[in-house]
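Chemist: Read off the chains here:
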Amino acid sequence: MTGELSQAVEAAQAGDEDAFRLLYRGLQPGLLRYLTVLVGADAEDVASETWLQVARDLPHFTGGEFRAWVVTIGRNRAMDHLRRQRRRPAVSVPVQELAELAGDADTAERAGESLGTEAALAMIANLPPREAEAVLLRAVVGLDAATAGRILGRRAGAVRTAAHRGLRRLALLLDQRAEAATSSGRRAPGPRTGLSPKAPRTESVDG
Amino acid sequence: MILRWLARSGDRAEHERLLDDARGPWAGAPPSGPPDPLAGLLRAAAAPPRPRELAGEEAALAAFRAARQAAAGAPAARPLRRRFTAGVVLWLAGLAATATAGAALAAANLDRTEAPPPPPPASATVAPVPTGVPATPTADRPGGRTPTPTGAPSGAAPAPTSASPVPIEAEPRATAHLGRGNSGRCKAYLSKPERQREKALRTPGFDELVTAAGGAEHVPAYCRQLLAETDPNWLARQEPEPDASTNGTES
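Protein chains in written order, with our numbering: chain A, 1 to 207; chain B, 1 to 251.
With the rest of the complex left out, here is chain A (with noise of 0.2 Å):
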């Protein structure tokens, strides 16, 4: 894996294009979802600025690992993106997005028996964001709790401590969510009501 990445990633350099394009076709589904969970419905943006910057600063990557010098870009562009949004708090969030986002969630729900990825990361999205990440960053992403320490800025025992929390913490959220289903059936239109949202961002993907 990390072979095939780093050969990958030094024909990137190179100049090759089919190099690139396996670079981001192997990243972008992790670094969209993980996104989402941080920006909720401008993630695409997010990401795409994050590869105008890995494409332009291609050149400079040194070495070590690929998919965490990414991530680390665009977990900094989403907190500028964060901050732009706090500094102007008219932007609305597209509601009709965010209802597709849950109807998606909610056909998903229905067709199988299990979740969709909408729903999964919705759920994700409600835990504390230190978990959250942990969490994605694990899970998601792949990457492994050192280097997921190494992009937040925390030690590999924090971050397995988060992300252990959180799973226990969506555990309990599943465990309610069966208990809210074989109770009142499913004729309410939202039966997600384990979900309190707590942040706008978690409102974001819930809907």
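Relax, there's no trap hidden among the hints.
Derived pair list, reagent style SDA-like, types lysine to any residue, alpha-carbon separation capped at 25 Å:
1) B:199 to A:57
2) B:192 to B:220
3) B:192 to A:53
4) B:199 to B:214
5) B:192 to A:56
6) B:192 to A:86
Facing chain B, from chain A, some residues (calculated, C-beta under 8 Å):
7) 15
8) 17
9) 48
10) 51
11) 55
12) 59
13) 123
14) 170
Label pairs and their computed distance ranges (CB to CB):
15) A:175 to B:232: 52 to 60 Å
16) A:80 to B:71: 22 to 30 Å
17) B:211 to A:178: 52 to 60 Å
18) A:182 to B:218: 55 to 63 Å
Hints were generated in silico from the structure; no laboratory data involved. On a predicted model such as this, the values are computed, not experimentally measured, just so you know. Cβ atoms here follow ideal geometry from the backbone N, Cα and C, with glycine treated the same way.
Starting from the known structure of chain A, arrange chain B on it as the hints suggest.
Modeler: What follows is chain B alone, placed relative to chain A:
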């Protein structure tokens, strides 16, 4: 106490395993009992990519190309700087040598430091010059430090024509100068959903584009014009959905 600690650490180990396995191939439900909902959640979050998630691929590649071209435009700058720092180091070494050894050695070193940077037109190439063979026109003429390498009207035509049949040369200077770099940005911009475009222009990544277009409101027209010249095929593929100025009231 110990039991609780054991249970807890077992829990943690189990969680670590779930986190590690989320992206791996589906190992099947645990041998006994119902499938673990937590594992299911993590697997759903890490599910294989959906096409929608890769929608920005072409824009990312366009950015990659643009960055490459911009970098290819400024190859002279970096080696030069390195040579310069090397020169400074040599010169400092020379100073040190003067203090201890004779003046002859110092003179030799000083000689060397003055020689290296044969100041080629750094100013002309540092700018994000887009065309394929940017250095040639100015390099040919050691005295000519014209800041506009490509569009230079005079007899500099022969060399560049071979590499760039693209009609960039006929363009007004500003477009020709920033064209390629911005065409990547334009693609990034135009591939965005309508309702995200305006917001995108307020991000620093697009500053240059907005400047080149002469204001955010001119960007769409500027981009269409630019792409019509640099990459009409791409534009044609993109345009079929005309700027439905519904502003996303439905979808």
